[in-house]
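**Q** Spelled out, the chains give:
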Amino acid sequence: MVITNDELQKQLEEKFGADILTFVKPSDRLSCIAPKSYNLKILQLLFDHYNFKFLNDLTAVHYPDNIGGELAVVYHISNLQDKVYFRLTVFTSIGEPDVFTATQLFSAANWMERETYDFFGVQFIGHPNLKRILNVEEMTYYPMRKEYPLEDQTRKDKDDQMFGR
Amino acid sequence: MRPVRFNINKKPVNLTDSVMMADMPPGHSGEGFFATQLSHVVGLARKNSIWPLPFATSCCGIEFMATMASHYDLARFGSERLGFSPRQCDLLMVMGTISKKMAPVLKQVYLQMAEPRWVLSVGACASSGGIFDTYSVLQGIDQVIPVDVYVPGCPPRPEGIIDGILKIQNIIQNEDVRRRSSPVYQKLMQEYNIQ
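Protein chains in written order, with the numbering used here: chain A, 1 to 165; chain B, 1001 to 1195.
Hints in this document: simulated from the structure, not taken from any laboratory. Computed from a prediction, not measured in an experiment: that's the story for all the values here. Watch out, some of these pointers could steer you wrong.
DSS-like mimics (lysine-lysine), calculated; alpha carbons at most 30 Å apart, straight line [said to hold, decoys possible]:
#: 1; chain 1: B; residue 1: 1107; chain 2: A; residue 2: 131
#: 2; chain 1: B; residue 1: 1107; chain 2: B; residue 2: 1010
#: 3; chain 1: A; residue 1: 15; chain 2: A; residue 2: 41
#: 4; chain 1: B; residue 1: 1010; chain 2: B; residue 2: 1100
#: 5; chain 1: B; residue 1: 1167; chain 2: A; residue 2: 131
#: 6; chain 1: A; residue 1: 41; chain 2: A; residue 2: 131
#: 7; chain 1: A; residue 1: 131; chain 2: A; residue 2: 36
#: 8; chain 1: B; residue 1: 1187; chain 2: B; residue 2: 1167
#: 9; chain 1: B; residue 1: 1101; chain 2: B; residue 2: 1187
#: 10; chain 1: A; residue 1: 10; chain 2: A; residue 2: 25
#: 11; chain 1: A; residue 1: 83; chain 2: A; residue 2: 53
#: 12; chain 1: B; residue 1: 1187; chain 2: B; residue 2: 1107
#: 13; chain 1: B; residue 1: 1101; chain 2: A; residue 2: 146
#: 14; chain 1: A; residue 1: 131; chain 2: B; residue 2: 1047
#: 15; chain 1: A; residue 1: 146; chain 2: B; residue 2: 1167
Example chain A residues on the side facing chain B (calculated, C-beta under 7 Å, incomplete) [as the list claims (entries may be wrong)]:
#: 16; residue: 57
#: 17; residue: 61
#: 18; residue: 143
#: 19; residue: 150
Cβ-Cβ distance ranges computed for the label pairs, FRET-style [said to hold, decoys possible]:
#: 20; chain 1: A; residue 1: 64; chain 2: B; residue 2: 1188; range: 52 to 62 Å
#: 21; chain 1: A; residue 1: 4; chain 2: B; residue 2: 1108; range: 49 to 59 Å
#: 22; chain 1: A; residue 1: 23; chain 2: B; residue 2: 1157; range: 55 to 65 Å
#: 23; chain 1: B; residue 1: 1075; chain 2: A; residue 2: 132; range: 54 to 64 Å
#: 24; chain 1: B; residue 1: 1045; chain 2: A; residue 2: 128; range: 51 to 61 Å
Glycine is no exception: its CB is placed at the ideal position from the N, C-alpha and C atoms.
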C-alpha cells in the first residue's frame, strides 16, 4: 500500500496532536515543523511504520530574526520503495542549540550532524563523535551563522574602500 | 596549406643563435686557467639545474602542465626533472588555492625540503587568496612559508610562470652561498616558526 501525503499527515496528527505540528506542502513533498523534542519520535515512527529508511539530507538554516528559534534543523527523509518524501524541520534557540541525535536511527546522520555542528554549532545530544569535520579544528566560530561575515577577518591588506567591506 | 606565421615567414635556421648558453661568470682567465668566486660557480650551477616540486591544487596547475609540456617546455631552463619528493627538490612551486586545512600540509612539505630551497607562488590564490576571500581559504601562502617570487594572474599564462622561474633563477644566481646562515635569513625563518 502506497502511503499518500494526506494520509501521512493524518496519521502524524493523530499520533502527536495537530496543535504541535505545522504542515506545509510547498511542492509534492510534505513538510512538517515540529517542536525539537519530538524530532526523534517522529523520525522513529516514520522509520518503523512507514518505511522511511533513507536520510537524504540533514542540515541547518540560521534565521536571525526568528527570536527563540534562530536555528532550524532540517531532515529530508525518503521512502524509496513508494517514492514518498518527507521533510521535518525543528527550530531551536541559538542560546541553547541542543537537538537529539538521529545517529541511532540513520548511520548517515553521523557525518551530516558533524557537518551541521561544524558550520552552525548545533549540539547534537548523544552523537558519538561530535567534533569539526570540514573546517580547521582551531576555528573558534561557526562560519555559516549569519553574524559572521563571509570574508576572512584576519587579513589586513584588503581595505574597505577597495573591497567593499 | 593554411598560411600561418611559420610557413609564410620561414625562420632561418641558425643553431649558434638559437642555442642559449649560460654566460661565463666574471673572473680572471689566462692560459689554461680561469679563476672566479665560488659563489658565482655555485650560483651558475644551481640556477640551471633547478628541480621543481609542483604543489598544484587547481587551475594554475593546469597552466603549469602546459608550461612543462613541449610547447612552452620548462626543460629549456634546466628544470627538466620535476621531483615529486620534497627531499630531492630545490624549488617549491605552489599553484592554486590553499585552504586553511591544507596549510599545515604545505608547511610540512616545505620543511621536508633541504636547504637551499626557494618558493614560487603562482597565481592570485596562492599569493593572496584571490577571489576566495572566505573563512576556509588561506589568504596567501606567505602566511605559513616564506615566498621568493609571486606570479600574478588568475591563472597566469605559461609565459608568466616561465617569467617567474627566470626571476627565481636570477635570485639563485646572485645569492651568496652563505645567505642561508645569515642573521637576516635566520630572522625570517623565525618569523615563520621554522627553527
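**Q** Hint by hint, note whether the structure agrees.
**A** Now for the hints, and whether the structure bears them out:
1. B:1107 with A:131: holds (24 Å)
2. B:1107 with B:1010: The given pair, whose Cα atoms are some 49 Å apart, is violated under the 30 Å limit.
3. A:15 with A:41: Answer holds: residue 15 of chain A to residue 41 of chain A is near 10 Å, not above 30 Å.
4. B:1010 with B:1100: violated (52 Å)
5. B:1167 with A:131: violated (45 Å)
6. A:41 with A:131: holds (25 Å)
7. A:131 with A:36: It holds: about 21 Å lies between the C-alpha atoms, which stays within 30 Å.
8. B:1187 with B:1167: Holds, at about 23 Å.
9. B:1101 with B:1187: holds (26 Å)
10. A:10 with A:25: Holds - the C-alpha atoms of residue 25 of chain A and residue 10 of chain A are around 14 Å apart, at most 30 Å.
11. A:83 with A:53: Distance ~12 Å between residue 83 of chain A and residue 53 of chain A Cα, so the pair holds.
12. B:1187 with B:1107: holds (17 Å)
13. B:1101 with A:146: Answer holds: residue 1101 of chain B to residue 146 of chain A is near 22 Å, not above 30 Å.
14. A:131 with B:1047: Violated. Residue 131 of chain A to residue 1047 of chain B sits at ~47 Å, over the 30 Å cutoff.
15. A:146 with B:1167: Given that 30 Å is the threshold and the Cα spacing comes to 44 Å, the pair is violated.
16. 57: With Cβ-Cβ at 21 Å, over 7 Å, it is violated.
17. 61: Since chain B brings no Cβ nearer than about 18 Å to residue 61 of chain A, farther than 7 Å, the hint is violated.
18. 143: holds (4 Å)
19. 150: holds (6 Å)
20. A:64 with B:1188: 52 to 62 Å: For residue 1188 of chain B against residue 64 of chain A, whose Cβ atoms are near 44 Å apart, the range 52 to 62 Å is violated.
21. A:4 with B:1108: 49 to 59 Å: Holds - the Cβ-Cβ distance for residue 4 of chain A and residue 1108 of chain B, about 57 Å, lies within 49 to 59 Å.
22. A:23 with B:1157: 55 to 65 Å: Check passed, 57 Å falls within 55 to 65 Å.
23. B:1075 with A:132: 54 to 64 Å: violated (44 Å)
24. B:1045 with A:128: 51 to 61 Å: Given a distance of about 58 Å, which is inside 51 to 61 Å, the answer is holds.
Checked against the numbered hints above, the structure breaks hints 2, 4, 5, 14, 15, 16, 17, 20, 23 and satisfies the rest.
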